[in-house]
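As they're listed, the protein sequences go chains A, B and C. Counting with my numbering, you get residues 1 to 287 for the letters of the first sequence. Counting with my numbering, you get residues 1 to 135 for the letters of the second sequence. Counting with my numbering, you get residues 1 to 140 for the letters of the third sequence.
There could be a bad hint or two in this list.
[Said to hold, decoys possible] With a straight-line Cα cutoff of 27 Å, these simulated BS3-like cross-link-like pairs (lysine-lysine) come out:
1. Lys100(A) to Lys141(A)
2. Lys10(C) to Lys221(A)
3. Lys29(C) to Lys3(B)
4. Lys58(C) to Lys97(C)
5. Lys10(C) to Lys138(C)
6. Lys58(C) to Lys267(A)
7. Lys114(C) to Lys221(A)
8. Lys3(B) to Lys267(A)
9. Lys97(C) to Lys141(A)
10. Lys114(C) to Lys141(A)
11. Lys62(A) to Lys7(A)
12. Lys10(C) to Lys3(B)
13. Lys221(A) to Lys138(C)
14. Lys221(A) to Lys116(B)
Note that these hints are calculated values from the structure, not bench results.
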Amino acid sequence: MKNEAIKIFQKRKKTILEKWISIQANDDFLREDLMSNDDVRIQSEELLNAFIDNLADSNIEKSRMEEFGEVHSILASISMTRAKQGFSPRETGIYVFSLKAALLEVLKEEIKDPETLYIQSLLISNLIDSFGIATFETFIKGREEVIFRQTDEIAEISTPVIRVWDGILALPIIGTLDSSRTQVVMENLLQEIVETGSSIAILDISGVPAVDSLVAQHLIKTVSATRLMGAECIISGIRPEIAQTVVHLGIDLSQIITKSTLASALKTAFNILQLEVNKKQKQTFAK
Amino acid sequence: MEKIPILRMGHFLLVTIQVDLYDQLAENLETDLVNMINKTGARGVLIDVSSVSIIDSFMGRILGNIANMSKIMDAETIVVGMQPAVAITLVELGLPLNGVHSALNVERGMELLRSKIELEETNEVDHDNDSDNTE
Amino acid sequence: MTTTPIILNKDSMAILREQDVVPFRNRVKEYAVKIGMGVVNQTKLITGASELVRNMLKYAKGGTVYIEVITRGRDNGIRLIFEDKGPGIENISLAMKDGYTTGKSMGLGLPGTKRLMNEFEIKSELGIGTTVTVIKWKNG
Numbered sequence: 001m002k003n004e005a006i007k008i009f010q011k012r013k014k015t016i017l018e019k020w021i022s023i024q025a026n027d028d029f030l031r032e033d034l035m036s037n038d039d040v041r042i043q044s045e046e047l048l049n050a051f052i053d054n055l056a057d058s059n060i061e062k063s064r065m066e067e068f069g070e071v072h073s074i075l076a077s078i079s080m081t082r083a084k085q086g087f088s089p090r091e092t093g094i095y096v097f098s099l100k101a102a103l104l105e106v107l108k109e110e111i112k113d114p115e116t117l118y119i120q121s122l123l124i125s126n127l128i129d130s131f132g133i134a135t136f137e138t139f140i141k142g143r144e145e146v147i148f149r150q151t152d153e154i155a156e157i158s159t160p161v162i163r164v165w166d167g168i169l170a171l172p173i174i175g176t177l178d179s180s181r182t183q184v185v186m187e188n189l190l191q192e193i194v195e196t197g198s199s200i201a202i203l204d205i206s207g208v209p210a211v212d213s214l215v216a217q218h219l220i221k222t223v224s225a226t227r228l229m230g231a232e233c234i235i236s237g238i239r240p241e242i243a244q245t246v247v248h249l250g251i252d253l254s255q256i257i258t259k260s261t262l263a264s265a266l267k268t269a270f271n272i273l274q275l276e277v278n279k280k281q282k283q284t285f286a287k
Numbered sequence: 001m002e003k004i005p006i007l008r009m010g011h012f013l014l015v016t017i018q019v020d021l022y023d024q025l026a027e028n029l030e031t032d033l034v035n036m037i038n039k040t041g042a043r044g045v046l047i048d049v050s051s052v053s054i055i056d057s058f059m060g061r062i063l064g065n066i067a068n069m070s071k072i073m074d075a076e077t078i079v080v081g082m083q084p085a086v087a088i089t090l091v092e093l094g095l096p097l098n099g100v101h102s103a104l105n106v107e108r109g110m111e112l113l114r115s116k117i118e119l120e121e122t123n124e125v126d127h128d129n130d131s132d133n134t135e
Numbered sequence: 001m002t003t004t005p006i007i008l009n010k011d012s013m014a015i016l017r018e019q020d021v022v023p024f025r026n027r028v029k030e031y032a033v034k035i036g037m038g039v040v041n042q043t044k045l046i047t048g049a050s051e052l053v054r055n056m057l058k059y060a061k062g063g064t065v066y067i068e069v070i071t072r073g074r075d076n077g078i079r080l081i082f083e084d085k086g087p088g089i090e091n092i093s094l095a096m097k098d099g100y101t102t103g104k105s106m107g108l109g110l111p112g113t114k115r116l117m118n119e120f121e122i123k124s125e126l127g128i129g130t131t132v133t134v135i136k137w138k139n140g
C-alpha cells in the first residue's frame, strides 16, 4: 500500500472514533439539545467506518461520488436528518470537519517522517474538506426543493377558476402574469371549460400590477386558446393606467371584449347568453 | 385505400377524425368533403377533433383548406371538441386557423351553425328588401 | 445550452418516408410518458417534433432523429436531434423570423417550434446538411 494513512486508520479505527467524540464534546456544535450523545456516537461510527473501509490507494486523492459512494450517501442522510432536527448547515459542516482533527492527530502519532506526514495529512485534509462541502450541497438542494414545491403551490392557488353562473367562469388573476403562470391559468381555465361546458370566461386583471407587451401577449394567447375551445373571453379590471400603457405600446386589443369592472363584464356575459336580471315584483295583499 | 367517413346530419356534414392524417388520407378527405357538400347542398361542416391529440401545421393547413373550400361552396366549417392541450399548443405554435370556428362539442357546433345560417339568411332578406334597386 | 446534461437513454429512428412520421411521434410519446411528462408538455413536444420531422422530409428527403432521455440536475427531459444531409438553410436568422416561407407551407415551422421547446439549436451548412437539436424538460 502506497499510502500509510490507510493502514494506520484501519488499525486505529477505535481510537479515532474516541478522539472524534471527545473533540465534539469539547465544542459548541455538539448540540446535545438536538441529538443525544448515543445517537451522535452511532452516526459518527457509521460515517467513520464507511470512510475507512472505502479508503484505498485508488481513491485517496479523489473525493468524487463515484469513488466514495457509500460515504456520500451517508453524508447526504446525515445532512438531511440534521437539518430536520434543527442543526444549522454550519453545525453539520463543522461536525464533519472535526473528524479531520482526529485523523490528523493519529497520523502525527504514527508517522515519523515529516515529509510523509505532510503529504498524507494534506491528502486526508482535502478529502475531509470536500466531504464537509458535500453536506452543504445536500442542504442547499433540500432548500431548493422546498422553494420549487412552494412555487408550484403558489401558482396553483393564486389562479382559481370560479363558476359564477351557469356557463360563466371568472378568473381573478392576482400578481404578475409571467409565462409559467399563464400556462397554469390556461390549463386550469380550459379544463374547467370542458368540465362545466362554460361558454364565457371573464379574466379579471385588477390584481395584475403591470401590463406590458409580454403580459398582453400572454392574455391574448389565453383568449385565443379559449376561442379554440368554443368559448369567449372578456377581460375586466382594466385600470386607466393599463389602458394608457396598452395604447402607448401599440398593443392591439380590439379583437377582445374589455371592461373596466367585473360587474360590467358579468352584465355583458348575461347579455351574450340572452339572460336578464329582473327585480322581484312587490307582493300586494288583497284585502 | 383508407377513407375518413363523412356522416350526413340534416343540412350538415359530420367528419370525425380518429386516426393520424397523412398526406394521401388528408387529400382524399378534402376531395370527398367537397364532393359531398356539392351533392347534398350541405350548409355546414362539423369536424370532430376530440380524438386528435396532435394538431401540427400540416393538419392545421388541412383544416384551413377545408374551411376555405367549404366557404366557396357556401358552407361554414366548425371544429369541435378540441382537447385543451392541443388548443394551448396551437396558440403557442402560432397557427392562425383563419375561417375556422370552434365549438365545445357537436351539439354546440350544430347550434352555432344554425345561428350562423339564420343570421346569413336574415341579412340576405334585408338586402333583398332594400328600397333602391342598385345591385 | 448551459451545463452538459447526462444522457440516460439513447434511441434513434431513420425517417425516410411520410409513413415514418406517425411511428416516430409515437416513439417520442412513449419516452415522454416514461419520464412522467404532463399532457400539455407532451403535446408541445410531439407537435414540435412533428414539425421538424416534416421539414426534414420535405426539404432534405429524410434523415435521422436521435431520441435521448436526459437529466440535468433535478430535471429529466427529452432531447431530440434531427440530422439531415439536405441542401441546408441559406439564411438561418431569416428562417427563424415569424412569417418566413420558402415552400408552400405557412412558414411558421421554426419560430413556432422554438416556442414549444425549452431549448432550440440549429446548425446548417449549405450543400452539407442541417442539424436541429431541441430539449423539452419534464416540467418545462
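**Report entry** Contradicted hints - numbers only
**Finding:** Those not satisfied are hints 2, 6, 8, 9, 10 and 12.
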